[in-house]
Amino acid sequence: METTLQLVLAGILQGGVYALAAIGLSLSLGLMGGVNLTHGEWVMLGALGTWLLAKTGAPLLLAIPASCAAVGVLAFMVYALVIKRAFSVPQDMLTRTSLLATLGLAFLIQESAAFAADQPLWSLFAPGAVLRLGPFRVSSVRIVMAALLALSCVAVWIALNRSDWGRAARAAIADRGMAALMGVPVRGLQGVIFALSSALAALAGGFSVLLFSAWPRMGLPLAIKCLFIVMLGRAGSVRAPIIGGLFMGLTESLFSALGDGRWAGPASLSILLIAVALKERVARS
Amino acid sequence: MTKILAVSAVLLFLLTASSALSAAPTEIRIGATVSETGKFATEVGPFSRLFTAWAELINAKGGLRLKKYGASVPVKTIVYDDQSQEAATRRLYERLAVKDRVDFMFGPYSSPLTFSASVAAENRDIPFLAICANSPKIYSRGFQWLACVIDEAPRYTYRYWEMVKARGSDATVGFVVEDTLHPLGVYQGARVLAREAGLTEVSAHILAPDTQDFTPVLAALEKAKPDIIFVSANIPFSIAFMKQALEYGLSPKEWHVIHHSGVFRDTLGAMADSIVGQIYWTPRAGDDMSRFWVQILERANVDTAMYPWAPAYLAAFQVAQQAIENAGSLDKAEIMKSLKALRTRTPLGEAWFKENGSGAVNTYPAQIQGGNYVIVWPPEMADGKPVYPAPVPK
Amino acid sequence: MKRGTLALSLSLALGAALVGVWGSEYTLLTLFTLSLNIVMACSYNLFSGYSGMINLGHGLFFGVGGYACAILTIAGYPRFVCVPAAGLAAMAAAALIGPFALPLSRASFSMVTLGIVFIFERAAGNLEQWTGGAAGLSVFPGIDAAWAASLMGALALLTTLGNIVMKTSKMGYGLIALREHEQTALLSGCDAFGLPYAALLLSAPAAGLAGALAVLHMAYISPSSALSLELTLAPVVMVMVGGPGTFWGPVVGAAALTLWQEALWIWVDRFPLAIYGATLLAVGVFLPRGLAGMRFPAFSYFRRFRKSVPLRRKTR
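Note that the protein sequences, when read in sequence, are chains S, Y and G. Position 208 (the first sequence) corresponds to 208 in the numbering used here; numbering is contiguous. Position 132 (the second sequence) corresponds to 132 in the numbering used here; numbering is contiguous. Position 45 (the third sequence) corresponds to 45 in the numbering used here; numbering is contiguous.
Hint data in this document are derived by calculation from the structure and do not stem from the laboratory. In this text, a Cβ means the ideal position worked out from N, Cα and C, and glycines have one as well. Be aware that one or more of the hints could be misleading.
List time: in silico SDA-like cross-link candidates among lysine to any residue, alpha-carbon distance up to 25 Å [claimed, not checked]: (1) Y:Lys76 to G:Leu264; (2) S:Lys225 to G:Ile97; (3) G:Lys167 to S:Thr95; (4) Y:Lys137 to Y:Pro389.
Output of the computed footprint for chain S on chain G, the stretches with three or more beta carbons under 8 Å from beta carbons of chain S [what the hints assert, rightly or not]: (5) 110-121; (6) 159-172; (7) 279-286.
From just these sequences and the hints, can you work out the full model?
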């Protein structure tokens with residue numbers, strides 16, 4: 001019983017990492033449409049930035065936000081130079097253009113990182129106290145992560161629902177053309193959201209390098225995992241990636257403990273796919 | 001008539017003599033692929049520099065000595081990037097065989113890639129020396145043109161269990177295994193070796209490679225309290241596991257993490273001390289060959305702490321050099337024969353080949369002490385004494 | 001089919017046969033890889049190009065076919081049984097995933113089919129008794145380069161012709177109609193599930209056969225050699241580079257990317273993948289109609305073939 005609760009707790013915390021990585025993707029895809037395979041690269045760059053800054057002695061509380069800010073700025077520049085052009089094509093060509101462009105960009109970014117970093121693998125260890133909440137043991141780093149995730153979600157929600165800019169963004173997600181006609185600066189908003197979503201991804205990357213490890217070519221499988229999570233809901237919603245991420249973390253955690261851990265991945269993915277199919281069937285009827 | 005005969009005889013003699021003399025090849029072509037991109041790049045990414053550095057240093061001394069021609073012939077290495085993919089590896093080895101016409105091949109990194117690469121060599125009768133490919137399945141196909149420097153995976157840690165048996169103060173062991181080819185193979189051998197050393201396996205967990213949370217495993221290990229916790233995994237998994245295990249506060253008498261190289265040690269810092277793992281060699285100038293290896297590593301700018309597979313490649317270079325020089329010519333069958341029959345001392349220990357082609361070179365248990373890797377067994381190779389039992393952290 | 005297209009196809013076949021007989025071993029190998037990519041791109045296009053749904057799981061058919069062939073070969077069955085069986089196995093896989101995946105929205109369809117490939121890849125790695133696990137299966141000695149190149153070349157020709165036939169067939173028109181304007185197509189009597197399902201079933205066997213031939217040529221199969229992410233995405237990228245909505249697109253895209261990759265990884269010393277990424281980016285942004293849609297004089301020659309294909313429908 002204790003173990004199951006422990007697993008659920010671990011799964012929720014793990015799902016939080018996925019959710020953090022996927023929220024930004026959901027928003028930016030909702031605004032821009034198409035496919036964004038560069039999302040994993042921002043996670044990787046966030047991890048690299050955090051690792052580099054920590055190596056030079058900066059405390060983590062400084063390294064992680066600084067790295068996120070740097071990634072956000074870089075993402076904005078990439079948007080202005082490349083992404084904007086790639087995504088401003090007619091709707092029927094958007095999937096193709098966005099897939100090719102973001103895939104090519106992802107290759108470029110990961111090879112540049114591999115060249116720039118003098119080490120093939122990056123990892124940090126800040127042994128936090130393992131807190132005991134009753135019968136459970138939880139790493140304090142993960143608690144901080146969960147708190148940050150909750151904060152980010154609340155912040156995003158407040159920004160989307162309580163501010164003028166948020167209303168403009170929601171309008172643009174709902175109907176891009178109409179919002180543009182009403183005077184919403186859709187292009188600029190897309191750039192800002194793209195940069196912010198990349199910064200959020202970098203935050204997840206910073207925690208990745210702290211909890212596990214990171215390497216230059218980790219981006220593409222991550223981007224695909226995030227796309228899986230976003231798929232569970234409408235692109236553009238904030239709820240969907242959170243629920244999707246939690247769902248994925250939970251199923252992975254529970255399956256890894258029930259019997260053979262080797263089937264955790266395929267089993268949780270199967271459940272995810274069945275959930276998607278059911279969701280669509282329900283939505284249609 | 002006699003004049004014609006004499007002239008023909010002289011011409012014939014000149015022809016054969018000139019063909020024998022001019023038969024000395026201009027270079028020895030050696031081919032290989034290295035995973036410069038793709039999933040194996042973290043393990044061997046910069047290794048094409050090792051090939052280049054070795055060739056340059058060998059050629060500075062004139063090259064390899066071929067008795068048949070009475071001359072030293074320079075070495076030319078042709079190395080491609082196989083992108084860590086089987087199809088690309090196969091195509092590139094075919095290219096090495098057919099277009100580049102190599103005389104000798106080194107294998108790619110990892111068993112799956114070596115599986116397909118060795119087929120090209122077997123089909124074209126070219127000597128193929130595998131380096132980092134220790135899955136027993138590769139050597140059960142009855143190939144004639146295949147040999148491997150290192151031993152098969154199940155024997156990877158046998159020296160460690162020798163040390164444990166000699167010590168005699170451990171009774172139980174718990175295994176944490178990553179579900180990937182190499183760690184699984186090592187584990188399957190280690191559990192048998194542990195049993196033969198007199199230990200009881202009280203806990204065994206095989207986990208998916210991308211496992212994020214190890215709490216259930218840690219809880220089980222805490223309950224079972226094995227004397228030795230043996231982690232058979234690649235580095236990312238080992239790092240993730242050890243971070244959580246150290247935070248959790250597990251403290252067995254000894255930690256054994258088979259791959260505990262540079263990044264592992266640097267990440268855990270002081271908490272990595274007293275963890276035992278397996279390495280091939282520590283750079284220590286001892287004999288001439290070790291000094292030569294240090295030269296190659298410096299020239300190639302490869303650090304064995306970050307890239308612990310480098311010594312296996314260096315041993316492969318030495319073995320290849322001796323096999324070719326023993327054969328004395330570039331006749332491929334001769335080279336293969338001399339390779340199979342070779343028995344030589346390398347800085348990693350004695351290298352020889354079994355009937356099925358797999359080798360005898362194996363890793364040594366090495367403990368991290370004060371940030372350095374100290375080989376602790378066997379006594380004739382040891383750099384120092386092991387710290388046992390591991391001090392309880394904090 | 002117009003005489004011109006037939007003549008072109010026959011001369012290509014003759015050219016391939018000549019290369020097969022007189023070409024060097026390495027030419028045969030390049031031909032094999034080129035044909036393999038053409039087969040995968042064209043069979044992928046047979047479903048995705050006409051229905052508009054991006055089947056990211058096309059690599060599943062390749063993997064299923066490869067494993068079926070490997071398992072049957074090791075079990076002792078002769079080649080002429082194993083290879084067609086691979087095609088049938090791939091078709092069976094398509095039959096199974098069709099009803100599950102086709103009713104979904106476009107985005108979900110793509111992700112679900114990709115998810116199925118991942119699941120199958122992990123399963124293949126776990127089920128050691130059947131698939132040899134992560135170490136894979138050895139089917140040495142396999143087939144030699146000449147056989148492999150000829151068979152794969154023939155398959156490439158077949159799939160290209162299949163694309164041409166599909167373009168002018170009733171099924172093709174129905175699929176395009178469903179893709180462009182679903183409501184009108186439904187009112188005209190197009191079967192919204194049956195047509196895409198049939199196209200999916202037709203796209204699978206060629207990929208399965210390609211998987212079987214690849215396994216016999218490499219004499220080895222493992223989850224990473226048959227079902228990796230790169231292999232799965234390759235036909236999608238090739239068709240997108242070549243040009244969506246054309247039947248030359250897949251061939252041109254496959255050929256261009258195969259030769260370009262070969263050139264980059266053999267002749268370029270540094271950063272081949274970065275340059276490759278840059279080319280994908282450039283093609284995506286600057287060539288919206290793909291390579292086959294570029295306005296070159298040579299290409300307009302082929303476009304004339306397309307335009308002149310008659311709209312002759314068999315009257316009932």
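Discussion item. Does Thr95 (chain S) sit within 25 Å of Lys167 (chain G), going by the straight-line distance between their CA atoms?
Written reply: Given pair Lys167 (chain G), Thr95 (chain S) holds - Cα atoms ~22 Å apart, limit 25 Å.
Worksheet item: Is the straight-line distance between the alpha-carbon of Lys76 (chain Y) and that of Leu264 (chain G) 25 Å or less?
Response: Cα-Cα ~21 Å, so holds.
Practice prompt. Take a quick look at whether Lys225 (chain S) and Ile97 (chain G) sit within 25 Å of each other, Cα to Cα.
Written response: This hinted pair holds, its Cα atoms lying about 21 Å apart.
Practice prompt. Check whether three or more residues of the segment 279-286 of chain G sit with their beta carbon closer than 8 Å to a beta carbon of chain S.
Written response: Result for this restraint: holds, n = 7.
Worksheet item: Hey, Lys137 (chain Y) versus Pro389 (chain Y), does the alpha-carbon distance stay inside 25 Å?
Response: The hint is violated at about 37 Å.
Worksheet entry | Stated coverage of the segment 110-121 of chain G by chain S [criterion: 3+ residues, CB within 8 Å] | holds (count 7)
Discussion item. Taking 8 Å as the Cβ threshold, is the statement that the segment 159-172 of chain G is covered by chain S upheld or broken by the three-residue rule?
Written reply: violated (count 0)
This entry does not satisfy hints 4 and 6, going by the numbered hints stated previously.
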